[in-house]
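Novice: Single-letter residue listing:
There are 2 protein chains.
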Amino acid sequence: MITGYSWIGGRRGAGGGESWQARNPATGDCLEPIFHSEQSVDAAVACADAAFSEYSAVSDASRAVFLRTIATHLRAAEVALVERVGLETALPPDRVRGEMARTCHQLELFASAIEDGSWRQRSEDAAEPGRQPQPKPRLVSERRPLGPVAVFCASNFPLAYSVIGGDTASALAVGCPVVVMAHWAHPGTAGIVAQAVRAAVDECGMPEGVFSMLYGRGNELGGQLVAHPAIRAVGFTGSRRGGRALMDIAAARAEPIPVYAEMSAINPIFFQRGATGDDAMLDGLVASLTGGIGQFCTNPGLLVCLAGRDEEALTDGLRARLKDAEPGVMLHRGIWENYAEGVARMEKLARDVVRHPLSDGRGCQQVFACDAETFLADKALHEEVFGPSTLIVVCRDEDAMLAVARGLEGQLTASIHGEATDFSRRLVAVLETKAGRLVWNGFPTGVEVCASMVHGGPYPATSDGRSTAVGPYAMDRFTRRVCWQGEGWWI
Amino acid sequence: MITGYSWIGGRRGAGGGESWQARNPATGDCLEPIFHSEQSVDAAVACADAAFSEYSAVSDASRAVFLRTIATHLRAAEVALVERVGLETALPPDRVRGEMARTCHQLELFASAIEDGSWRQRSEDAAEPGRQPQPKPRLVSERRPLGPVAVFCASNFPLAYSVIGGDTASALAVGCPVVVMAHWAHPGTAGIVAQAVRAAVDECGMPEGVFSMLYGRGNELGGQLVAHPAIRAVGFTGSRRGGRALMDIAAARAEPIPVYAEMSAINPIFFQRGATGDDAMLDGLVASLTGGIGQFCTNPGLLVCLAGRDEEALTDGLRARLKDAEPGVMLHRGIWENYAEGVARMEKLARDVVRHPLSDGRGCQQVFACDAETFLADKALHEEVFGPSTLIVVCRDEDAMLAVARGLEGQLTASIHGEATDFSRRLVAVLETKAGRLVWNGFPTGVEVCASMVHGGPYPATSDGRSTAVGPYAMDRFTRRVCWQGEGWWI
Chain A
27 MITGYSWIGG RRGAGGGESW QARNPATGDC LEPIFHSEQS VDAAVACADA
77 AFSEYSAVSD ASRAVFLRTI ATHLRAAEVA LVERVGLETA LPPDRVRGEM
127 ARTCHQLELF ASAIEDGSWR QRSEDAAEPG RQPQPKPRLV SERRPLGPVA
177 VFCASNFPLA YSVIGGDTAS ALAVGCPVVV MAHWAHPGTA GIVAQAVRAA
227 VDECGMPEGV FSMLYGRGNE LGGQLVAHPA IRAVGFTGSR RGGRALMDIA
277 AARAEPIPVY AEMSAINPIF FQRGATGDDA MLDGLVASLT GGIGQFCTNP
327 GLLVCLAGRD EEALTDGLRA RLKDAEPGVM LHRGIWENYA EGVARMEKLA
377 RDVVRHPLSD GRGCQQVFAC DAETFLADKA LHEEVFGPST LIVVCRDEDA
427 MLAVARGLEG QLTASIHGEA TDFSRRLVAV LETKAGRLVW NGFPTGVEVC
477 ASMVHGGPYP ATSDGRSTAV GPYAMDRFTR RVCWQGEGWW I
Chain B
27 MITGYSWIGG RRGAGGGESW QARNPATGDC LEPIFHSEQS VDAAVACADA
77 AFSEYSAVSD ASRAVFLRTI ATHLRAAEVA LVERVGLETA LPPDRVRGEM
127 ARTCHQLELF ASAIEDGSWR QRSEDAAEPG RQPQPKPRLV SERRPLGPVA
177 VFCASNFPLA YSVIGGDTAS ALAVGCPVVV MAHWAHPGTA GIVAQAVRAA
227 VDECGMPEGV FSMLYGRGNE LGGQLVAHPA IRAVGFTGSR RGGRALMDIA
277 AARAEPIPVY AEMSAINPIF FQRGATGDDA MLDGLVASLT GGIGQFCTNP
327 GLLVCLAGRD EEALTDGLRA RLKDAEPGVM LHRGIWENYA EGVARMEKLA
377 RDVVRHPLSD GRGCQQVFAC DAETFLADKA LHEEVFGPST LIVVCRDEDA
427 MLAVARGLEG QLTASIHGEA TDFSRRLVAV LETKAGRLVW NGFPTGVEVC
477 ASMVHGGPYP ATSDGRSTAV GPYAMDRFTR RVCWQGEGWW I
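Chains A and B supply the protein sequences, listed in that same order.
In terms of my numbering, the first sequence opens at residue 27 and continues consecutively.
In terms of my numbering, the second sequence opens at residue 27 and continues consecutively.
These aren't lab readings, by the way, just hints derived from the structure by calculation.
All values reported here derive from a predicted model rather than from experimental measurement.
Treat the hints with caution; some may be incorrect.
Any copy will do: because identical chains look the same in the list, a pair fits if it lies in one copy or spans two.
Straight-line distance between alpha carbons at most 20 angstroms, and here's what the computed SDA-like set of lysine to any residue pairs gives [what the hints assert, rightly or not]: (1) K374 / L384; (2) K374 / A351; (3) K162 / H131; (4) K349 / R377; (5) K162 / V456; (6) K405 / R38; (7) K162 / E134; (8) K162 / P119; (9) K349 / E154; (10) K162 / M307; (11) K405 / T98; (12) K405 / L375; (13) K374 / L308; (14) K374 / L407; (15) K162 / S149; (16) K374 / E399; (17) K405 / D68; (18) K405 / R267; (19) K374 / E44; (20) K374 / A406; (21) K162 / A127.
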């Protein structure tokens, strides 16, 4: 049942701040119930802080059971979630079920990683009592949880990067209590998921404050949360402006804290000579461009090819496949407005390749083009247009292609198509410094949840290019290594 | 030969900024030659940036040889260094030789860690081409260097945390070019060390820009360096004010970068009931307090004991051992002035236990005391007094001791003496969240250079409590994980 009130540990919040209703993006209709912004984060953070010492001492095995129990309760809510997510985000049932499976898989992946203790990355140096000129003491070090973590939900992953998504799951896995800020656009979804998490907290007898979820319209409450002295780290998925605002708040604190914000990327795909004409490749490209109505953080917003035949094959191939594309309802009004603004910007700065009229609240694949010199000269062409829009950058030769690579901002991904050549090596050497993940003859969408995944990248792709938001290394973000010196009972 | 000019890669800087001479802290005399501040960091950073792609592609084996060659050239300069370090810092020959050995050991430790490739922390997921509903691609991820790194030298470790100290060595180890800011108080030492590093660059045929060293009086040039867009990370050892200033500059950049600043700590030692009277313990404590004239970052500035017999045994033991202590020359005038100011602050806020008159430029162990309530009520008592001064905090019972532990800021170390009891466990649970390293029945000074060491800790001990400045994990600071997806020739 969705009550419209926050969870402060196991209690309901009192609201008292701004109220609002979610809207169905397909119809514009208001959805029941009314949601009530909390007025302060203090109670939730105090609750998380109070839970930290107990929760961080819970055994790895018990935390693993807790994560698996959350997955069980989440699965039990699948029917309700498919309906509510659909109403609040226009995501189709199959996508919601897929995202649900991924969310549960993440919980189980983290559960496995803590069961075997590998998350601790234990290191041990034996004592050398006879060493000269002085004895060496025994030293052991391991990772330990940072403390209460604030997590901000993503608009585009209402399950996998929201209330119990990758950030929350990885923080809970290592022993950090979490205070979640629900996303204003899918508060009902957040309510259903939070109820599942709370049920698992109760069933597993975890400390009450291990999980809270706050409703808050606007940015005020989120800013309070990041500034709160008891919060020790932040996870965020959203816009560059939003992420940077949180980074700045965190950096200005008396004690600055780490912020892991996944923000913006245009995920370039580089086509080496002769690599643009293959039908299977073009089919795959179109699927990657249009999947989720272009609303994935790994959506390819930049296609870099050589002038002449390659450009022709690419534009012809895209035109043929996209000319009858149907518009799809975007996640929420604000996203559509930003999309429309971005498309208008591209219209001014680049030439049309494939265009569809902008219909209210709906996105349909737009393809623009410009040459490398134009691209390099205008930073506005480097900005992400979140949604179905991509820019072809046409290079007169391979040097221009390398210059485009060098001119890029930080990216989540960079892909290369074609044969392995000396040029590929030079391109890879540049792209390695620009992106968290390089894809060879493939597409960036469809982030594999596995040990070797890096879903991160240099700023502005993320706030912290040393981190990944997907895979077991995501847990490292919420830990620090602690060392114990001396023979002792303690470790 | 010490020329007084910066190294811009393999060339000498032109100076042109403020000039100054080092002073012998024992006599106040100016030392030859004159040092010339560079006017801009641009040439050195451009040089480092140009070297990055080549240097990051140098094989692990060749970088290891480079580090070992630096150590060889450094050892060849030992006689000159013992003399010059002594003149510039008043550190005695044995200490300089010990620090020299440690500096070379660090270089060799990092060399070993890169020779076996372990620094890359490679992870591999095999492809599953037959997986349903979609195939799993092959994914490999490894750590890669961040790019050019700025390193600021420490006043108190003119070798081990200066020009080719732990920060520079760990950055070079993973493939990052380094631009060093020399410390104004020991510029001649910096010149000798830089010459040794440059000789190794030439001998090993490394790219010219892999190492530069800038002279700059004042904070202007260092601020420029941290703000420079091509600098990707910062290592710093020094004051809390200095470190925070660099953190703020780095956080305000268009692309914020990580800062690893080791700043300030009072390294509390907790004495459980009955643990203050042992003679061997008291001898060890006094050695830890007075070593290096109290000018170690791990110097114990806080001794926490129980009222009554324990307090009496501790104060009697310290009085007996410290009453005839001789003053020693401190590292430089600025450090002495801050020390004198800190001692004056303690005089006002706490009672005397062991006092020695303040003689110009010299420090001699001061011991103050106050009760737990006073300590907890006044943050000025939590501030580090860098140099030989310590504060005994007297607790009426174990609960007060726990309250003191909870009231602490972030620390590099926290030590506990006594028997293992339930109380020890409670104390450790608190101190784990406060310090990077816990020491059981030992002393925090004498940082072991080994795999399990954590020389770090929550703010304000360092800017980034997730990192260590000592041991092979120090290399992680200058890397990010990159993932390669797809069957390919490339990894």
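Novice: So, for every hint listed, does it hold in this structure?
Specialist: Evaluation of the provided hints:
| no. | hint | verdict |
| --- | --- | --- |
| 1 | K374 / L384 | within (15 angstroms within a copy, 72 angstroms between copies) |
| 2 | K374 / A351 | neither (23 angstroms within a copy, 78 angstroms between copies) |
| 3 | K162 / H131 | between (44 angstroms within a copy, 15 angstroms between copies) |
| 4 | K349 / R377 | within (16 angstroms within a copy, 84 angstroms between copies) |
| 5 | K162 / V456 | neither (44 angstroms within a copy, 26 angstroms between copies) |
| 6 | K405 / R38 | neither (46 angstroms within a copy, 37 angstroms between copies) |
| 7 | K162 / E134 | between (40 angstroms within a copy, 18 angstroms between copies) |
| 8 | K162 / P119 | neither (61 angstroms within a copy, 23 angstroms between copies) |
| 9 | K349 / E154 | neither (73 angstroms within a copy, 34 angstroms between copies) |
| 10 | K162 / M307 | between (60 angstroms within a copy, 17 angstroms between copies) |
| 11 | K405 / T98 | neither (47 angstroms within a copy, 48 angstroms between copies) |
| 12 | K405 / L375 | within (11 angstroms within a copy, 57 angstroms between copies) |
| 13 | K374 / L308 | neither (27 angstroms within a copy, 77 angstroms between copies) |
| 14 | K374 / L407 | within (10 angstroms within a copy, 62 angstroms between copies) |
| 15 | K162 / S149 | within (15 angstroms within a copy, 32 angstroms between copies) |
| 16 | K374 / E399 | within (16 angstroms within a copy, 67 angstroms between copies) |
| 17 | K405 / D68 | neither (41 angstroms within a copy, 23 angstroms between copies) |
| 18 | K405 / R267 | within (16 angstroms within a copy, 36 angstroms between copies) |
| 19 | K374 / E44 | neither (38 angstroms within a copy, 50 angstroms between copies) |
| 20 | K374 / A406 | within (11 angstroms within a copy, 59 angstroms between copies) |
| 21 | K162 / A127 | between (50 angstroms within a copy, 16 angstroms between copies) |
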